[in-house]
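Residue numbers (my numbering), protein chains in the order written: chain A, 1 to 267; chain B, 268 to 534; chain C, 535 to 832; chain D, 833 to 1130.
No lab work stands behind these hints: they were computed from the structure.
Mixed in with the good hints there might be a few duds.
[Stated by the list, open to error] Straight-line distance between alpha carbons at most 20 Å, and here's what the computed SDA-like set of lysine to any residue pairs gives:
{"#": "1", "chain 1": "A", "residue 1": "Lys242", "chain 2": "D", "residue 2": "Pro887"}
{"#": "2", "chain 1": "C", "residue 1": "Lys743", "chain 2": "B", "residue 2": "Glu490"}
{"#": "3", "chain 1": "C", "residue 1": "Lys736", "chain 2": "D", "residue 2": "Lys1035"}
{"#": "4", "chain 1": "C", "residue 1": "Lys737", "chain 2": "B", "residue 2": "Ser297"}
{"#": "5", "chain 1": "C", "residue 1": "Lys736", "chain 2": "B", "residue 2": "Ser297"}
{"#": "6", "chain 1": "D", "residue 1": "Lys1107", "chain 2": "A", "residue 2": "Pro9"}
{"#": "7", "chain 1": "C", "residue 1": "Lys805", "chain 2": "B", "residue 2": "Glu490"}
{"#": "8", "chain 1": "D", "residue 1": "Lys1035", "chain 2": "C", "residue 2": "Ile823"}
{"#": "9", "chain 1": "D", "residue 1": "Lys1034", "chain 2": "C", "residue 2": "Thr537"}
{"#": "10", "chain 1": "B", "residue 1": "Lys271", "chain 2": "C", "residue 2": "Asp816"}
{"#": "11", "chain 1": "A", "residue 1": "Lys185", "chain 2": "A", "residue 2": "Glu223"}
{"#": "12", "chain 1": "D", "residue 1": "Lys1103", "chain 2": "A", "residue 2": "Ser149"}
{"#": "13", "chain 1": "C", "residue 1": "Lys736", "chain 2": "D", "residue 2": "Pro887"}
{"#": "14", "chain 1": "D", "residue 1": "Lys1041", "chain 2": "A", "residue 2": "Glu223"}
{"#": "15", "chain 1": "A", "residue 1": "Lys7", "chain 2": "D", "residue 2": "Lys1034"}
{"#": "16", "chain 1": "D", "residue 1": "Lys1041", "chain 2": "A", "residue 2": "Arg224"}
{"#": "17", "chain 1": "D", "residue 1": "Lys1034", "chain 2": "C", "residue 2": "Asp816"}
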Amino acid sequence: MSMKKRKEPAVIYSQEKIAEGIYSLWIKTSFAGEARPGQFLGVYINNDAKLLARPISICDVNKEEGLLRMVYRTAGEGTKELASYEPGTEIQVLGVLGNGYESALDTDDLNKALGDKKVIVIGGGIGIPPMLLTAKALDKEPEIVLGYSNGDLFLEDEFEDVGNLHIATVDGSVGTKGTVIDAIKEDEIEGDVIFACGPMTMLKAIKQYARENGMKAYISLEERMACGIGACLGCVCRTVNKDHHTHVNNTRICVEGPIFDAEDVDI
Amino acid sequence: MSMKKRKEPAVIYSQEKIAEGIYSLWIKTSFAGEARPGQFLGVYINNDAKLLARPISICDVNKEEGLLRMVYRTAGEGTKELASYEPGTEIQVLGVLGNGYESALDTDDLNKALGDKKVIVIGGGIGIPPMLLTAKALDKEPEIVLGYSNGDLFLEDEFEDVGNLHIATVDGSVGTKGTVIDAIKEDEIEGDVIFACGPMTMLKAIKQYARENGMKAYISLEERMACGIGACLGCVCRTVNKDHHTHVNNTRICVEGPIFDAEDVDI
Amino acid sequence: MNTSVNIAGVELKNPVMTASGTFGSGMEYADMVDLNKLGAVVTKGVSDKAWEGNPTPRVAEVTGGMLNAIGLQNPGIDVFIERDIPFLKKYDTKIIVNVCGHSVEEYLNVVERLADQPIDMMEINVSCPNVKQGALQFGQDPKVLEEVTKEIKAHAKQPVIMKLSPNVTSIKDMALAAEAGGADAISLINTLIGMKIDIYRKKFVLANKTGGFSGPAVKPVAVRMVYEASHAVKIPVIGMGGIATGEDAVEFLMAGATAVSVGTANFAEPKSTEKVIKGIEDYMISQKIDDIKDIVRL
Amino acid sequence: MNTSVNIAGVELKNPVMTASGTFGSGMEYADMVDLNKLGAVVTKGVSDKAWEGNPTPRVAEVTGGMLNAIGLQNPGIDVFIERDIPFLKKYDTKIIVNVCGHSVEEYLNVVERLADQPIDMMEINVSCPNVKQGALQFGQDPKVLEEVTKEIKAHAKQPVIMKLSPNVTSIKDMALAAEAGGADAISLINTLIGMKIDIYRKKFVLANKTGGFSGPAVKPVAVRMVYEASHAVKIPVIGMGGIATGEDAVEFLMAGATAVSVGTANFAEPKSTEKVIKGIEDYMISQKIDDIKDIVRL
Ligand SMILES: Cc1cc2nc3c(=O)[nH]c(=O)nc-3n(C[C@H](O)[C@H](O)[C@H](O)COP(=O)(O)OP(=O)(O)OC[C@H]3O[C@@H](n4cnc5c(N)ncnc54)[C@H](O)[C@@H]3O)c2cc1C
Ligand SMILES: Cc1cc2nc3c(=O)[nH]c(=O)nc-3n(C[C@H](O)[C@H](O)[C@H](O)COP(=O)(O)OP(=O)(O)OC[C@H]3O[C@@H](n4cnc5c(N)ncnc54)[C@H](O)[C@@H]3O)c2cc1C
Ligand SMILES: Cc1cc2nc3c(=O)[nH]c(=O)nc-3n(C[C@H](O)[C@H](O)[C@H](O)COP(=O)(O)O)c2cc1C
Ligand SMILES: Cc1cc2nc3c(=O)[nH]c(=O)nc-3n(C[C@H](O)[C@H](O)[C@H](O)COP(=O)(O)O)c2cc1C
Ligand code: FES
Ligand code: FES
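Chain A extracted, bound-state conformation (with noise of 0.2 Å):
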């Protein structure tokens, strides 16, 4: 299944701002065929001033058209300039980047492994849109924790069609007032694996609520990156023990994650 690492254009095929700040993108890009639950692309700009690719999650796909969705926030510049290209425009893609969920649980077939376990999936903020193709990849309906700071809620309709959906927000206009952590208090929700994205707050957060209950968690990681596939070490994160690559307690995001067991990582 895993295929080799490269860049390619890729073409709009439609953009769609779907909450402040928030555009969904489809690309008509090879990608779609390969892309896995937790992996992401990494986004050049059409800018010859802004040479980095932008790590984007994937959020959805549809193979047999060939199409591959990604949610993001307008954070900076390139996400800015990133939301004002038109269907058909071109863009160079880098992928398909990082593990994905098989192969942080070491697994060819995500659905066996977990077996009879129940999982929670949990996205907070712009963490939301890659739980999307996690939660659908999914055999049996999990439970699905959203946490947005106010109403202008994404994707959440997409989200109730493939599990039982809790929302959580900062200001409770919607579902419980609160934190994702909050809303699975409040709801009493029961399982024995998370798969989480969102800010580094919210992931503490749970990987301290799984040690407390007994569950695995695992944990999407961002950080900076420049080659997005292993090399240059811009984009580590700090684990409890030696990696086997960089042989120091330094792991590589983009090759070894994003996504990790929690209790793996020093965060």
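Following the hints, position chains B, C and D with the ligands against chain A.
Showing chains B, C and D with the ligands alone in chain A's frame:
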């Protein structure tokens, strides 16, 4: 008539390849109403890595429609990028730049200043385009001499409509074999004043020819520019006398030129 | 909102000035920029006699920046006093005259001619990479820099800004030398030394072979040097090098600059100075900062 | 067409190598680049013991380039000898090992461990701006550089390339010092020192505050320094700094380099090295040059 210089967006109205590596570009711009023969614009490239405006002469205008035409050669990366823009693309333009013939002749009305003097309009290579607006501005049909390197002509039919056309090609495939000077001699073209734009070797030969034949020659000079408005002193040309502004024997092509009396500049 | 800053006793209405050599004496930009809005206009370098500058080509474009080898062409201090200072006096902005010379004597000639002129400060260019003699040498050796600064301070009637070259191993040492020599402020960076070759014509793009490299491409070096210099000295630092937006300017202020200059960006966008001023104000509003002095210094 | 070049007796099939630290040990790029096509692979810096490097964030983007403060994280010479050299030996390319250390002793430990290894050359990084101790100091003082070079040459079994820092007042003096110390070749430029500040988070973008600045934005400085260095010394010069195309590479050759390295461009386009090789060949064809040695030197 002289309006304030300014940088403004303009929209590409049409763009067409009219010879190998030569493009004809019409833009919709307020500068169309102000442009005088011999002037140029500073065209910015939509690329943060390329900061400086490309100086491109005004080839033609359609005042009623607010359209302005530039014909340019894809010399380097900037003009290559420009050639890739589709109609509808917005570009940034600095204008109107340079003195033009009227200012070089110190007159408000070119035709009045010329009286019954006979004008020879000469263009060589990519120096041909600006001569179209110049030839069109003249009341009396000028003699027009265009020099190309080979039979891949451009704009020749449009010049045919505004004057008495003579052609020279270096390889002899059309018209006189040789330079514009060869064509002038071969076709026994006579006149009192020369208006010329083209490569430096051609301009030097014209200066020499005009001097020997008691003619006045106004030539259009080129130099690398940064500001385009006289502030950086990047674009100077050696002058015979001290320049009134710089107080040395250097004059700024972007404001005191690009049109000069050939006898004033040290080429 | 208060955006005024004070440099050596001179109160600027805002911290944004023009970088020497990129704005003439303001005249050429006056059509497009309201000079009354600027903190100060820093003029093109002026010497005691007229200078012809270097042969052309004098400018070249590079990725995110440009090279220049103007060679400090200028009409000399007499014309300058007669024409440029009176022009600038018509505006409600501060006037900073940039001074160049081949020798200490030439600098002093200009400094002394400026003594009775209605200018607010002078900036001494000891860092131009484009003239063979003088200039750059003064700016690459701390001992020489300290001496030159002392000499100039002994003769100058207005506050003196020493403009530093980035083409040095230790910008900290240079900043300390200028301070030790008595400079009222320092400004940096002048241009990096760069080169571009036209591989098809098989020659240097600039007639002078090398040129001064400026524009957004040099900003990371400039921010670093402004940080190092401002953390080494107590006198105010004027930061420049690649500033094109208000955000760039704030970056320099956070690095420790008291004021900033906008250079090459003027060529890319003639209204850059005004845009930078507006951008700083926007930043202050968004961050709820009332006084520019309250922008965090790192 | 002949594109081979000779550096200190080592014949490279073409002048294009990878720049240390941007290509790992080739392993990560082997999917995308045919390593057999490269003149040489220059490895990430290796030290006597494993180094953890700096805290993150370690990289940042700037106009036309990037900053890095990796801090020379590496698994140490033992792992390197066991894993990376055997990997590279499978390919028909030359192997140049980049060496780093905090002290002369640490450099020598690595140099000695390499003595019996099947590598072609070593490149000594005395110019990394991202480690507090050692490294950069060696590369900013000509006397120290000459001494270090002598020491290393006394112990090295393979030809030694000294890699110079651009953060110096006179690159010529540094080049001469390396030559005087007996270096077989010099390579330059390592990264300029830069800084970027996040004005909204109000902190440095890099955890290390400053970082090494590389990419197309630094090319004008690199070309100038390669020109100055190669015109000062007789030993071969390996040029780098912003090379992304064959035309860029030719520019360095014209400036006086014998070979070139491609660094940051690999991140923007993983196939950059191959593209540069192809681009040089295209240039030679277009200019009717049969032997790369006939490319004009300015
Ligand atoms: C594995 C991974 C997956 C991601 N998935 C998504 C996603 O699905 N949707 C989404 O909106 N965002 C995602 N991000 C964050 C996204 O990469 C950044 O928001 C984006 O790079 C910002 O680019 P910019 O040009 O707008 O910002 P700028 O600040 O202009 O970028 C400057 C540089 O910093 C880098 N950078 C800035 N912020 C980040 C960040 N948070 N993480 C990594 N690099 C950063 C940029 O890539 C670029 O190199 C992901 C990050 C990682 C590491
Ligand atoms: C007053 C004037 C009028 C001109 N009119 C025309 C015209 O009508 N049609 C046309 O095709 N060309 C014209 N030129 C030349 C045109 O400006 C250059 O061909 C163009 O700038 C090349 O840009 P580039 O990005 O393709 O080249 P690059 O080499 O990528 O440009 C790099 C830098 O060098 C400058 N540059 C390169 N060549 C020249 C040149 N010959 N003159 C001035 N600057 C240069 C560019 O503007 C840019 O700043 C004119 C030049 C001047 C000075
Ligand atoms: C065309 C040009 C001319 C310059 N002339 C001078 C000068 O006369 N005196 C001086 O001190 N600096 C001069 N400089 C340097 C600038 O003032 C400034 O220090 C440098 O360009 C960095 O700022 P920037 O990146 O914003 O342009 C000149 C720069 C340019 C681009
Ligand atoms: C991420 C990164 C890591 C680097 N690591 C090293 C290193 O370990 N040793 C070294 O000598 N140079 C190192 N360098 C410097 C490069 O080898 C090269 O000298 C510099 O980046 C300029 O070339 P470029 O502009 O093509 O990248 C590194 C550069 C980058 C960008
Ligand atoms: S981004 Fe280069 S190693 Fe991960
Ligand atoms: S281009 Fe600046 S003075 Fe002419």
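Structure-based check of all given hints:
For the proposed pair Lys242(A) and Pro887(D), the alpha carbon gap of about 16 Å is at most 20 Å, so the pair holds. Proximity of Lys743(C) to Glu490(B) is assessed by CA-CA distance (about 17 Å); at most 20 Å being required, the pair is judged to hold. As the CA atoms of Lys736(C) and Lys1035(D) are separated by approximately 45 Å, the hinted pair breaks the 20 Å bound. A distance of roughly 40 Å separates the Cα atoms of Lys737(C) and Ser297(B); the hinted pair therefore is violated under the 20 Å criterion.
Restraint check for Lys736(C) and Ser297(B): not satisfied, since their Cα atoms lie roughly 41 Å apart, outside the 20 Å limit. The straight-line distance between the Cα atoms of Lys1107(D) and Pro9(A) is roughly 16 Å, inside the 20 Å bound, and the hint therefore holds. Using a Cα cut-off of 20 Å, the hinted pair Lys805(C) and Glu490(B) is violated, with the two alpha carbons roughly 24 Å apart. Between Lys1035(D) and Ile823(C) the alpha-carbon distance is near 17 Å, which keeps this suggested pair within the 20 Å criterion.
With a CA separation close to 19 Å, the supplied pair Lys1034(D) and Thr537(C) stays within the 20 Å bound. Among the hinted pairs, Lys271(B) with Asp816(C) is inconsistent with the structure: their alpha-carbon atoms are about 28 Å apart, more than 20 Å. As the CA atoms of Lys185(A) and Glu223(A) are separated by approximately 30 Å, the hinted pair breaks the 20 Å bound. Annotation: proposed proximity of Lys1103(D) to Ser149(A) is violated, straight-line Cα distance about 41 Å (limit 20 Å).
With a C-alpha separation of about 45 Å, the suggested pair Lys736(C) and Pro887(D) falls outside the 20 Å cut-off, and the hint is violated. At most 20 Å may separate the alpha-carbon atoms for a hinted pair to count; Lys1041(D) and Glu223(A) meet this at roughly 17 Å. About 35 Å separates the Cα atoms of Lys7(A) and Lys1034(D), which puts this hinted pair outside 20 Å; it is violated. Between the alpha carbons of Lys1041(D) and Arg224(A) the distance comes to roughly 15 Å, so the proposed pair stays at or under 20 Å and holds.
Under the criterion of a C-alpha separation no larger than 20 Å, the hint pairing Lys1034(D) with Asp816(C) is consistent with the structure, at around 16 Å.
Going down the numbered hints, you'll see the structure goes against 3, 4, 5, 7, 10, 11, 12, 13, 15, while the others check out.
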